[in-house]
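Top to bottom, those sequences are chains D and E. Number 203 in our numbering belongs to position 166 of the first sequence; there are no gaps in the numbering. Number 126 in our numbering belongs to position 89 of the second sequence; there are no gaps in the numbering.
Just so you know, the hints here were simulated from the structure itself, not pulled from any lab data. Do not rely on the hints blindly, as some may be mistaken.
Since the list can't tell identical chains apart, any single copy or any two copies may satisfy a pair.
Cut-off 27 Å, straight-line C-alpha distance, at most; resulting in silico cross-link-like pairs (DSSO-like, lysine-lysine) [claimed, not checked]:
hint, residue 1, residue 2
1, Lys91, Lys216
2, Lys257, Lys91
3, Lys216, Lys117
4, Lys120, Lys257
Number of protein chains: 2
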Amino acid sequence: MKNLIVASTSTVYGGSHLDYLLEEISHLFSNTEEVLFIPYARPGGISHDTYTEKAAEAFSQIGKKLVGIHTFDNAETAIKNAKGVFTGGGNTFVLVSQLYQNGLMQPLRDAIFNGLPYLGTSAGSNICGVTMQTTNDMPIVYPPSFKTLGAIPFNINPHYLDPDPTSTHMGETRETRIKEYHTQNNIPVAGLREGSWLQVTGDTVILKGEHSARIFQQDKEPFEIEPGTELGVLLS
Amino acid sequence: MKNLIVASTSTVYGGSHLDYLLEEISHLFSNTEEVLFIPYARPGGISHDTYTEKAAEAFSQIGKKLVGIHTFDNAETAIKNAKGVFTGGGNTFVLVSQLYQNGLMQPLRDAIFNGLPYLGTSAGSNICGVTMQTTNDMPIVYPPSFKTLGAIPFNINPHYLDPDPTSTHMGETRETRIKEYHTQNNIPVAGLREGSWLQVTGDTVILKGEHSARIFQQDKEPFEIEPGTELGVLLS
């Protein structure tokens, strides 16, 4: 049975890395002391080692050891043996390219569908959707495909940002971008504000955190859902 | 000899479509009454017809007729026969996909290098760079390549936006995104603020408009250049 936390961001304003989620993470990974970390998204281009150290610091606060997947000779075996996986944020194009390059997209999907506890933040959440096509990131590398894990039956827009009514900037708002997405695609999109996350248990997907989320579906007006809402049925 | 206007945006805050650029456009297309319009970027998903009508309205103010490339039986021939081309903004992924699908990337490049007067705004400017990899757009379709026209020897980030020091949003700033780009690529990037444009005459590229532009190069600190600066030599 699937068991995931799909979070909009690793860090909320004024907080430290993962602090607002530590209790949930502790619960998610209650069956293991060691969690496999996928640092491929490389926020700001930092190295896999540096990123792993940073994330390990947060995990140490709940008595968990985090081990970078890049330290294993065989990454696919590392996923198969893992009792829990965390994929951190950064650039989704870099993350997806590296997952494909290392032949890990399918093994990771299989493991998640077989019940591997999984935590994603930002780019690591984006890849839980059907495709990465509602990422906010720059296409700094060319991935072999935009298809991702499909651990949930819709797409994620992490760091969802409401339009700023005082803005004089003429670039597209996030809502405009997602509506453009739906001129070309029919997969629903959940815009997750920072501090929100989805708790996935089997086919049940529940919005958690303090904020509402904004739901976009092709040819429909977007609408808000409150924390506690079940999205799995709503959007499948 | 190349002859282009590469503009950050079609519309500045408080203005109407293309109004701030009309004099320059009139000069660029002084040799022709009819300009070929490439509406493929489809801002907000609008149809090619609707987009062409909108752009034609602005062009009519300077006595020019704008004709959509989608109205020709053979788009490649339309480019070969054109005395001027305008590519409007919208979604860069959609634009680039359609250019490749219709086999137009190379013919358009050839025509520009042979002196075809070209106007680009936003996505239509993005494609003047070496690659589209510093677009701000969502990857709503999967193009066969990120390579673009290379009419200038660097990349464009249109609608360049300075970091907001009061923001509590934890998503990446534009500067962070472009720096991430340079962890994977070495092509320089010009961040063009809204209201700025590049005037390209042969290999000479001059920053125009009222704003400075921000220049990003791999392993260097970004810096500002003032209007009137020549970028062709600086960044080639």
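Going back to the hint list, which numbers does this structure go against? 3, 4
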